[in-house]
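The primary structure of each chain is shown beneath.
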Amino acid sequence: MDRVRLATVWFGGCSGCHMSFLDLDEFLIELAARVDLVYSPVVDMKEYPEKVDVCLIEGAICNQDNLDLLHKVRARTKVLVSFGDCAVTANVPAIRNQLGAGNTENVLQRAYIDNAQNNPCLPKCEGIVPALLPRVMPVHEVVRVEYFLPGCPPPASNIKALVGALLSGATPKLEGMQLKFG
Amino acid sequence: MILNDLIEIKNAELAGRKKITLRCCMAAGCLSCGAKGVKQQLDKAVADAGLQDQVEVRGVGCMKLCCEGPLVQADPQNSLYIKVTPENAPSIVAAIQGGQTSVAQTDPDAAFFKRQLFIVLANSGVVDPERIESYIAADGYQALHEVLNEMAPKNVVESMVQSGLRGRGGAGFPTGLKWGTVAKSPGAKKYVICNADEGDPGAFMDRSVLESDPHSVLEGMAIAAYAVGADQGFIYVRAEYPLAISRLQLAIKQAKQMGLLGAGIFESPFSFNVDLRIGAGAFVCGEETALMASVEGKRGTPRPRPPFPAESGLWGSPTLINNVETFANVPPIMRRGPEWFAGIGTEKSKGTKVFALAGKIKNTGLIEVPMGTPLSVIVQDMGGGAPDGGQIKAVQTGGPSGGCIPAEHLDTPVDYESLGKLGSIMGSGGMIVMDDQTNMVEIARFFMEFCMDESCGKCIPCRTGTVQMHHLLDKIIQRQATPADMARLEELCDMVKSTSLCGLGQTAPNPTLSTLRFFRHEYEQLLRPDLSGPPPNGASETRSASAAS
Amino acid sequence: MAAKTLTINGLQISAEEGATILQAADEANVKIPTLCHLDGVYDVGACRLCLVEVAGVPKLLPACTTKVVEGMEVKTDTERLRKYRRMTLELLLAERNHVCAVCVANGHCELQAFAWSLGIDHVRYDYCFPKWSVDNTHRLFGMDHNRCILCTRCVRVCWHIEGAGTKNVSGRGGHARIISDLNQPWGEADSCTSCGKCVQACPTGALFHKGSTVAEMERDRSKLEFIVTAREKKQWIASD
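Chains as they are written, first to last, in our numbering: chain A, 1 to 182; chain B, 1 to 549; chain C, 1 to 240.
Next comes chain A alone, as it looks inside the complex:
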C-alpha cells in the first residue's frame, strides 16, 4: 500500500491542537510507518506540496497569508479536516469579529500600543507581516471541508479515531461526546 501523504497546517490558533496531536503517543509510531508527513509546523518544509492526501487544518482564517495558503491547500489536497474548534467555529480568534468593521485596527491598537510596556508601535512590514482580514472565519466558510473534528483541543483519542479511519480507507464517523465543542 502506498504511504499516505499527510500534511498539517497551523493558521490562527494556539497550536494546542498540534500539541494534542503529539499526545497520540505510541500511535505516532504506527502513524510514522504509514504516512509521509509532507508539510507541517513540525517539519521543515517551506512550500505546501502537490498531491497531498490528507491535511489537518488547525486554526481560524485570520490574515491574508492564512487565506492564500488555505486556497493552495484546498487545490493540492484530497481530504481536508477542520482540526479543532478554531478551524471549525473560528473560536477565540474570532472574538475580535464582535468589534465590528474596524476590529483589525482596534485589535492591533490594543495589543501593540495600549498594552505595550516598551516601544509601542504597530508591526508593519510589507510582504512579511500579513494583513489581518476584517473578519476571522472558520475554514469551511472559505473552502470545502470534508471532515470536522471539534474540540479545544480535540482529545488525542478523537484524532486517532478520525485519522485511523482515514488511513484504513473507512469514512470517519465521530459521534456523541467526540463532537463536543470546547
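There could be a bad hint or two in this list.
In the BS3-like style, the derived pairs of lysine-lysine whose C-alpha atoms are separated by at most 30 Å in a straight line are [what the hints assert, rightly or not]:
#1 B:348 / C:59
#2 C:75 / C:4
#3 A:51 / A:124
#4 B:497 / C:59
#5 B:298 / C:223
#6 B:475 / C:131
#7 C:210 / C:83
#8 C:59 / B:184
#9 B:475 / C:83
#10 A:173 / C:75
#11 A:72 / B:475
#12 C:83 / A:78
#13 B:18 / B:36
#14 B:256 / B:298
#15 B:348 / B:421
#16 B:497 / C:75
#17 C:67 / B:184
#18 C:131 / B:497
#19 B:114 / B:10
#20 B:362 / B:114
Simulated from the structure, these hints should not be mistaken for lab results.
Given chain A, work out where chains B and C should sit, using these hints.
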C-alpha cells in the same frame, strides 16, 4: 333610544340635506396632500357665493382613487375633481352653478369605480365619519336594532354561517363558525376584540374603513357581542393611525351618548362597551395571541394555540377576535340578509374584498371587488396597468406572509383557494404591483428584512432563521452566494415555515418561496459556482440583469 | 383522574389526563430535547426543539404545551424532526458568541450537550458575531448576554417560583435580551432577592456565579425541585 328615535334622526338628517353636495375626502391620504385647506376654502367659497342654503360641503371618508387626491365630488352633477388645491375652491363652486372650470376632473364612471362593488366601503366617501347622524341616515344601527329585538343570539350566529363570510384578516377562517365557538364556550365573561393592527407594508384598507366609517365597525362589534354573549369590546389599533384613533374615539362617544353603546342598548337588557387599546408599533401584535397579551398589558408575544382565543382568550375568557373589515361586513349582512351576501362572490369565498392597490400601477388607491374577480381586471382594467408604458411582472398579495403572483397567472380569480394554490394568500388586502424593472430577489430580501425586524424573538426558528435567510438573500444579491447557499436558503425556508411558533414565522418564508418558484432564474444568475470560483460576471453591479428576461 | 393511553414511537404508554406529551414521554423514559422547558414553571413552547409529529395532525406540535389525547400516536425522533432540531441548534450557535472553549459552562451546558448528541460537527450558517455585554454589577452573579439563548427560564423562575419579578425580556427579534427590573444594571435592581434561582435555571453559560472560571459553572436544580415539590405536592422533600 328606540327604533322611532333612530328613524327620526335619519329623517331629520335626510330632510336637512341640501340641493348640492360637495363631498371632500377627509381620509389620511387626501389630508396629507392638503384636503383640509380644500374643505376650508370650499366652505368659504360657498359662503362668499351666498349658497349656504343650497350647498353642503361635507367632509367624508376615503373616495378610493388615492393617487389623484385631494378629491372632491359634486352631486348631483356627478363631477369628480382631482388634485384639488384650496385655490380651486371658487372655480368648483362656480362650476356647480353651471359655470366653467379648469379644475382637473376624472370620470367617476371609469372602470376603476364601475368594477367595484361596495359593501364594506358603501359609506366610505359618502357619510361624514365624524357625525353619527350621517351614518344613521345611511341606515346605520338599524341592523343592531333588528338583531337585538328580533333575533336570538344563536340565530345571529346562524345568519353569519349562512352568509359564508370568512375572516378578512388573512387566513379566511369562517366567521360564523368562530362566532359559534365563542358563543358555545362556557364563561360568564366574554370579550370581543377588533383587530385593527394593520401592519403589512402597503396595506391601508383597515385604516381607511376606520377613518371613513367607524360606526359600521362599532355596529358590527355590537352585533357580534350580542351573538356570542360578550359585554366588553376592545379595538386594538396601531398608534401610527392617529386619525383612525380620534375618529373611533369620537364615534364611541357619540354612540354612547345616543345609547347605541353602553348599558341597555335600544332599551334592551344588552350592554356593550368598547374601549380602544393603542398598539406600540409591533407588527407581531396583529397575531391574535400576541394582541391579547398586549391588551392585557403584557409583552406582546404570541403563545402556542390551543387553547384558541375562542375558548381561552383575554384574561382566560372566551374571546372573539375579528378584523376591521370582517366587522364592517356584519351590519350590511344583517340588514340585507345572509342570502344576499352569499349570492356574491365564488362558491367558497363569499362577498367582496377590499384591496389597497399600490406599487407600479397607474391608479393606486382603495378598491372593493367581488370575490372571484380576476387579478387582471384589478390591475389592468381598474388599475390601468403599469405607469409609463412598463410591463407588469408580478402582483404581490398578503404582504410579508404572502407571495408574488407572476404576470402569466393574472387570470387567477381573487379568492382564498386560488391564491393559496399559487403559493400566496389572500391576506388582509395589500396588493403591490411590480413592473419589469423590479428585481424579485430584492423583493424577497425586503420582505425577509421586514419579518426579521418584526420577529418578537420568542421562538428560535423565527428569531434566528429570518436573520440567516436575510443574510443568504443578501449574499445572493451581492453575488457572493454559491448553489450550496441556495440549498441552505431553501432548507431554512422549509424549517422556519414548519417549526415557528406563530403565523409571523410560519409565513415569513412565503415571499422567498414564491419568488423562488416563479423567478428562480433571477436567483440562479446571481450565483457563483462554488467557494473557490470567481464571482459571476458583473459582480460590481448592484442590480441584476433581470429586466432583460 | 382519568388516564389516557397513547403511543410514543410505537410504545404503548398511559398518562394522566392533562399531562403534556413531554411529561408522558419523560415518564416512559423517552427523552425529547428541550431548552426552554424547566420542571416547575409554566411552558412557553419557544425553543421548538420538542416539536413532535402526531398522526393526523399536519403541523408539528410542541410536546411541552400539547396535552395528551386518548389514542394519540406520537413520533418524537423522525429524520425530519432530527433535521429541524439540528438546524435549530446550528442557528443558536451562530446567533450569539457561544465560544465553548472559554465558557464558564463548558461541559455543563445544555446547548453544547444537545449539539454533540444530535451530531453537529460544524455550523453551516455564517456566524453573526454580535457585540453583547456582560453584566457583572450584581454582588453574587453575572450575566453574559453572549451566551444567552432567550429561553426565558430565568424570567419564569424569577416570577413564578421566587415571585420577585426582576428578570424580563426587552427588545425584539435578534435584539431581544434579558433585563433586570426596568433595564437597570442587575446590581441596582431593587427587586432582586439574590436567590440565585435564575442562575440554577440557566441552560447555558449566560448566568453564572461570580468567580467561576472556564467549565466551573455547574448547576444545582435540587433547590428548585424542592420548592416546586413543596408547592405542588405540599411535601417538604426533594422530589423523587
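Outcome of the hint check:
1. B:348 / C:59: With Cα atoms ~24 Å apart, residue 348 of chain B and residue 59 of chain C stay inside 30 Å; holds.
2. C:75 / C:4: holds, 17 Å
3. A:51 / A:124: Answer violated: residue 51 of chain A to residue 124 of chain A is near 35 Å, above 30 Å.
4. B:497 / C:59: holds, 10 Å
5. B:298 / C:223: holds, 29 Å
6. B:475 / C:131: With a Cα-Cα distance of about 21 Å, the restraint between residue 475 of chain B and residue 131 of chain C holds, given a limit of 30 Å.
7. C:210 / C:83: violated, 37 Å
8. C:59 / B:184: holds, 26 Å
9. B:475 / C:83: With a Cα-Cα distance of about 24 Å, the restraint between residue 475 of chain B and residue 83 of chain C holds, given a limit of 30 Å.
10. A:173 / C:75: Measuring from Cα to Cα gives roughly 26 Å; hence the hint holds.
11. A:72 / B:475: holds, 24 Å
12. C:83 / A:78: Given pair residue 83 of chain C, residue 78 of chain A holds - Cα atoms ~28 Å apart, limit 30 Å.
13. B:18 / B:36: Distance ~22 Å between residue 18 of chain B and residue 36 of chain B Cα, so the pair holds.
14. B:256 / B:298: Satisfied, since the Cα-Cα distance of roughly 29 Å is no more than 30 Å.
15. B:348 / B:421: Answer holds: residue 348 of chain B to residue 421 of chain B is near 14 Å, not above 30 Å.
16. B:497 / C:75: Distance of about 20 Å is within 30 Å: holds.
17. C:67 / B:184: Distance of about 22 Å is within 30 Å: holds.
18. C:131 / B:497: holds, 28 Å
19. B:114 / B:10: Holds, at roughly 28 Å.
20. B:362 / B:114: Distance ~17 Å between residue 362 of chain B and residue 114 of chain B Cα, so the pair holds.
The structure fails hints 3, 7 (numbered hints given earlier, in ascending order).
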